[in-house]
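S.K.: Given chain Z, work out where chain D should sit, using these hints.
Residues per chain are reported as follows:
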Amino acid sequence: MTTVLVPPNGVSSLIYPTRSTAKSESAEVLVKMQEDIREQMLRSYLIGSRANQALAEIEAVENEASFDGWDGYGGKALDPKACAVATCFLEALPTTTPIPEISADNDGDVALDWIFGPRKALTVSIDARGRCSFAWMRGQSTVRGTDWFTDEIPANITYALAQLTA
Amino acid sequence: MRWLSSLRNFLRVNGEKTEAQKSEGYELEPHDLVSRFIYSSRAFSAQHGFAKPGAFNPEPYSKLSVFHSTGLSDKEIWGNGRKTLSAQRGRDKIYCRADLSVAIFISHLLKVIRDDDPFERHTSVVGWPNNANPDQRKADVKAICLELSQDPEVKLVIPQKPITKDDSEPLA
Numbered sequence: 001m002t003t004v005l006v007p008p009n010g011v012s013s014l015i016y017p018t019r020s021t022a023k024s025e026s027a028e029v030l031v032k033m034q035e036d037i038r039e040q041m042l043r044s045y046l047i048g049s050r051a052n053q054a055l056a057e058i059e060a061v062e063n064e065a066s067f068d069g070w071d072g073y074g075g076k077a078l079d080p081k082a083c084a085v086a087t088c089f090l091e092a093l094p095t096t097t098p099i100p101e102i103s104a105d106n107d108g109d110v111a112l113d114w115i116f117g118p119r120k121a122l123t124v125s126i127d128a129r130g131r132c133s134f135a136w137m138r139g140q141s142t143v144r145g146t147d148w149f150t151d152e153i154p155a156n157i158t159y160a161l162a163q164l165t166a
Numbered sequence: 167m168r169w170l171s172s173l174r175n176f177l178r179v180n181g182e183k184t185e186a187q188k189s190e191g192y193e194l195e196p197h198d199l200v201s202r203f204i205y206s207s208r209a210f211s212a213q214h215g216f217a218k219p220g221a222f223n224p225e226p227y228s229k230l231s232v233f234h235s236t237g238l239s240d241k242e243i244w245g246n247g248r249k250t251l252s253a254q255r256g257r258d259k260i261y262c263r264a265d266l267s268v269a270i271f272i273s274h275l276l277k278v279i280r281d282d283d284p285f286e287r288h289t290s291v292v293g294w295p296n297n298a299n300p301d302q303r304k305a306d307v308k309a310i311c312l313e314l315s316q317d318p319e320v321k322l323v324i325p326q327k328p329i330t331k332d333d334s335e336p337l338a
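Residue numbers (my numbering), protein chains in the order written: chain Z, 1 to 166; chain D, 167 to 338.
Okay, chain Z solo, but in the shape it has when bound (with noise of 0.2 Å):
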């Protein structure tokens, strides 16, 4: 059976690794082909450099936070573990999706944070095992939870950066 990848909330799916089970011949071609796509993209220069700032901006959150009261309140350093785990995530993010603001938690946790305007903004957690709490408000609403990152961005939080963005 020949496949096509739909992107979730209208978000481009282009950067998204492929994910096709498809067993036929046309949709190995497809799924090639994506891939090939997804290749070009991520060594192009635009997204290449995006993608160097951000995981610049890890090292730099982790350098900051490495010791215990980093934060000048007690905070726990930062868990490389989770900063293992915030690198794939950010790898894993739509390239159609703004860079967040990368800090620490002050419970070892890695912390993104999309601001995209006077109450339209979402922050993420992101802990060793791949937990990601989060919470976003778009107007008077705020809608909160929790998801697991494994090797995709969790719906959740693709829906509320859809949702941020439209």
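FYI, nobody ran anything at the bench for these hints, they're computed from the structure. Heads up, none of these hints are tricks.
Below, a list of computed lysine-lysine pairs in the DSSO-like style, where the Cα atoms sit at most 30 Å apart:
| id | chain 1 | residue 1 | chain 2 | residue 2 |
| --- | --- | --- | --- | --- |
| 1 | D | K331 | Z | K76 |
| 2 | D | K249 | D | K229 |
| 3 | D | K277 | Z | K76 |
M.R.: What follows is chain D alone, placed relative to chain Z:
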């Protein structure tokens, strides 16, 4: 009788506290002001002019430390902030502070207790969500921190340069 109200407020803030108040602390009023000193350069966005949600995170002790700043001038608040600094890494600079009224915390069902411990005017914001499920608790706390971060009544005050212990300017 506005002067009487002002006098009462002055005495409440500056007057002698009973022994019980001294040992247990006392709850601040909605109109009181508090300041959250920010010692990390990544806990705020100078570009957007707001403190990030993490700046209000009460972990790891489930209480948020703030400074009771009612009645103090800007210079006095910084002077007191400077007194909290030490040579200890992570506590050697104040990059900015977030000023907000106690009413904002109360609107999130939090309590603001002035306890004067470990320094005078130290205040603790307590009553954070305490769900037995740690995942749910974290999400609940994050939602409040995001609300605080995005509240237009929360004023971020950024000095021209970070406040350090050795600044030549005399302490207020």
